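J.: Read off the chains here:
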Amino acid sequence: MPLLQRINRYGFLRNRGRAAAISVDPPQGTAAHQRCSPLPPRVRIVRATWYHSRVGDSVCIPSAASAVPTATVASRHSALVRVTHWITTLCFFALLVSGVEIVISHPRFYWGETGNDLTPTLFKIPIPASRHLVPTGYGYVLPDANGWSRYLHFQAAWVVVLTGLLYLICGLFTGHFGNDLLPRKADLSWREFSSAIAKHLRFERPGEAEAWSYNVLQRITYLFVIFVLFPLVIWTGLAMSPAFVSAFPATVNMLGGQQSARTLHFFVSLALVLFLLVHILMVWLAGFKSRMRAMITGRAAKSMERT
Amino acid sequence: MSEPSRVEPSPRKLSRRKLITTGLAATAGVAGLGVAARIAQKYGLVPPDHSGIYGLGETLTYASQRLLTRHSLAREFSRSQISKPPFANEIEPLTDEFKRLQAGGFTDWRLSVSGMVARPASFSLDQLKSYPSHTQITMLQCEEGWSYIAEWIGVPLSQVLDVVGVLPQARYVVYFSIEPDTWESIDMADAVHPQTFLTYGMNGDQLPVGHGGPLRLRVPRQVGYKNVKFLTHLTVTDNLKGFGKGLGGASPEGGYAWYAGI
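Just so you know, the sequences run in chain order A and B. Residues 61 to 367 in this note's numbering are what the first sequence spells out, letter by letter. Residues 1033 to 1294 in this note's numbering are what the second sequence spells out, letter by letter.
Looking at chain A on its own, in the form it has when it is part of the complex (with noise of 0.2 angstroms):
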């Protein structure tokens, strides 16, 4: 297959129109193409360019004849929300891991203004720490990694920003919130709702809906995540720099405190934390494997009886 087309087949490069004709091997003859051109019925044309992903966005297979069995593929994820998904997980990793090495320098915390060694605290937590003086009951010192720490949570809350950024530009641009995570109305009932939850109690596996939706647990989930969790985070990391809080007094003063700010930093992490694991947990539930094509490829196997 050419070079264009390989790349094609990762939906980069998706042409306006039906996207996936392209991924078929068989060399297309006219008659293939005559096949495909007044769409079989059953697909939907949607206008779909790199960054959209659409159910309907779906394949044309010019098989000779309708009886190959031949499994289809189709697009789940966008590049877009595959690319900086990957690229958030990345910059989450090293702010997690950074963090943590933070946090074991001084594992007190306080709320106000300030708080050392010499004031009360909020809470602690009963870790060894990697200084001398912070009175934690262990009678060693682990190892001082700030330096690199810092340097790393910096960079990496710097690029999972700019991802998130041009996530949300490209994500108002294409309806990407609309279409895919805001809850559909047919969703918003308590019946469907408290439904939802029930077959999420009883550890039920997705049906096959959701291997090409977000059902609306998912949704409401994601839009607390990008647009309540992620802005506080950042917002409460801001609000400890004393050169930023130099320009704008207001986010820390909101927060009530360098200390309060740090507090709410940690236990708005926390709450990602959590996110991350029950995620991971649902993705495992859900099936691995084709949860991660989906998230990496971009496509998903459809069954065969949908063709």
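These are calculated hints, taken from the structure and not from any lab test. For clarity, every value in this text was computed on a predicted model and none was experimentally measured. All clues stand as given, with none of them false.
Have a look at the derived ranges for each label pair, beta carbon to beta carbon: (1) A:H260 - B:I1085: 35 to 45 angstroms; (2) B:A1060 - A:P291: 25 to 35 angstroms; (3) B:I1085 - A:V160: 18 to 28 angstroms; (4) B:L1065 - A:G197: 45 to 55 angstroms; (5) B:E1122 - A:V160: 17 to 27 angstroms; (6) A:I286 - B:L1065: 20 to 30 angstroms; (7) A:L334 - B:G1061: 33 to 43 angstroms; (8) A:L334 - B:D1194: 50 to 60 angstroms; (9) A:F284 - B:R1111: 39 to 49 angstroms; (10) A:V160 - B:I1071: 34 to 44 angstroms; (11) B:K1074 - A:H260: 53 to 63 angstroms.
Quick partial rundown of chain B residues pointing at chain A, CB under 8 angstroms, derived from the structure: (12) L1092; (13) Q1097; (14) I1294.
Here a beta-carbon is modelled for each residue, glycine too, at the ideal position from N, C-alpha and C.
Dock chain B against the given chain A, drawing on the hints supplied.
T.: Okay, now just chain B, sitting in the frame of chain A:
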């Protein structure tokens, strides 16, 4: 037949167009980055530790904070918010030279100023105290996470720089402690900032030795480690390459960022 006009264009053709566009965009992007780097260098937006794997993040942080905070003032607090007692971090064992000066009540303590200045000079503590004294009630926060608020008394560094006459090409002030291997540097924006103090007093009293007395540089818009204790020497320079490994301080040589406004 109305449909044929909607037959998809050949993917190959479209891809070629896309390739050319992408190529042009990439070229423009690289050229743009080059220009941006030039401009950043010209306006002093590139930190000395900009190379290496964390250079991107450091440069973005320093450049954006320089643009946003060149003249902004660190938050000041009310007298009632002063931490009692202020927490004094661990200090290295004091050198014999320090102990000798301490025994003499620091009367022989000197702060020498050299480098790109019109009139290199050496100041005693009394000379520094003869300039109008300034106070600030600001927070000292450590990169580890703890913090305290104190009243700091001293003379703005800009006052002393005016006395010695800084040459126009100056870009950094490098400052040294009496403690071995303890030195840092700041750019001129921080050096002439009104809250950057040569600090000799704290909370209405002398600056305690535990807090860097008799003389400490106070840079309230950066975290603790830029606030060097036991200050004895300043050098004004246009280039940090000639100092140590060229990273601009003991902290960057020890793996910490040169710019510590975050």
